[in-house]
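S.K.: Sequence:
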Amino acid sequence: MPHRKPPTKWTIQPIPPTSHTEALTFIQNARKSMFPNHPLRPDPPSLLSSPGAHFVEARDTHTNALIGAAGFTPYNHRFAQFCFRDAPTVEIVRLYVDPAYRRRGLGGALFEALRAEARARGVARAYLHTHPWLEGAVGFWEKRGFGVVEREVEGVWRAVHMVLEIGAEE
6 MPHRKPPTKW TIQPIPPTSH TEALTFIQNA RKSMFPNHPL RPDPPSLLSS PGAHFVEARD
66 THTNALIGAA GFTPYNHRFA QFCFRDAPTV EIVRLYVDPA YRRRGLGGAL FEALRAEARA
126 RGVARAYLHT HPWLEGAVGF WEKRGFGVVE REVEGVWRAV HMVLEIGAEE
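In short: position in the sequence shown from 1, add 5, done, that's my numbering.
Worth flagging that the hints you see were computed from the coordinates, not collected in a lab.
Every value quoted in this text rests on a predicted model; they were computed, and no experiment measured them.
Think of the CB as a built atom: it goes at the ideal place given N, C-alpha and C, for glycine as much as any other residue.
Incorrect hints may appear among the rest.
What the hints assert, rightly or not - Between beta-carbon pairs, the in silico distance windows are: (1) E140 / P22: 30 to 36 Å; (2) A92 / P47: 27 to 33 Å; (3) Q86 / T26: 31 to 37 Å.
Take the sequences, apply the hints, and build the full model.
M.R.: In structure tokens, the structure reads:
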């Protein structure tokens, strides 16, 4: 009989200002573990409260530990090959789940919280990029309706660019 992880209960809510420092530390530590060979600048504190941004956190209901975070920011047209000026577009950024809580649906729940907020704001499209060496990442996003629009084949990052037309609530 395969070993089953015990169920975990969590809450997902917008990251309150009182948790910004903790959330940024969580995100930075996750980025360091995912990209150990790439020096990354820490995210500025303003990231979590920038205009049009929305960030959520997940906390274990028993311990109140921060176990996940995710957010979106308005798409800033930093990739010239993608012209998303025809409709309101956000970029999904910084979705991380504590390794001890993975494969329990938490990443999907964090994304669904972002999708609901984006719909409420009238956002039509979500963009993101991930990387082929992040195990399961492309499949995770494809399960949520994202489609690959470009795969970089050269360079250090080899980003996989993905888009989801959010549309109205079904």
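S.K.: Compare the structure with each hint and give your call.
M.R.: Structure-based check of each hint:
| no. | hint | verdict |
| --- | --- | --- |
| 1 | E140 / P22: 30 to 36 Å | holds, 34 Å |
| 2 | A92 / P47: 27 to 33 Å | holds, 32 Å |
| 3 | Q86 / T26: 31 to 37 Å | holds, 36 Å |
Of the numbered hints given earlier, the model fails none.
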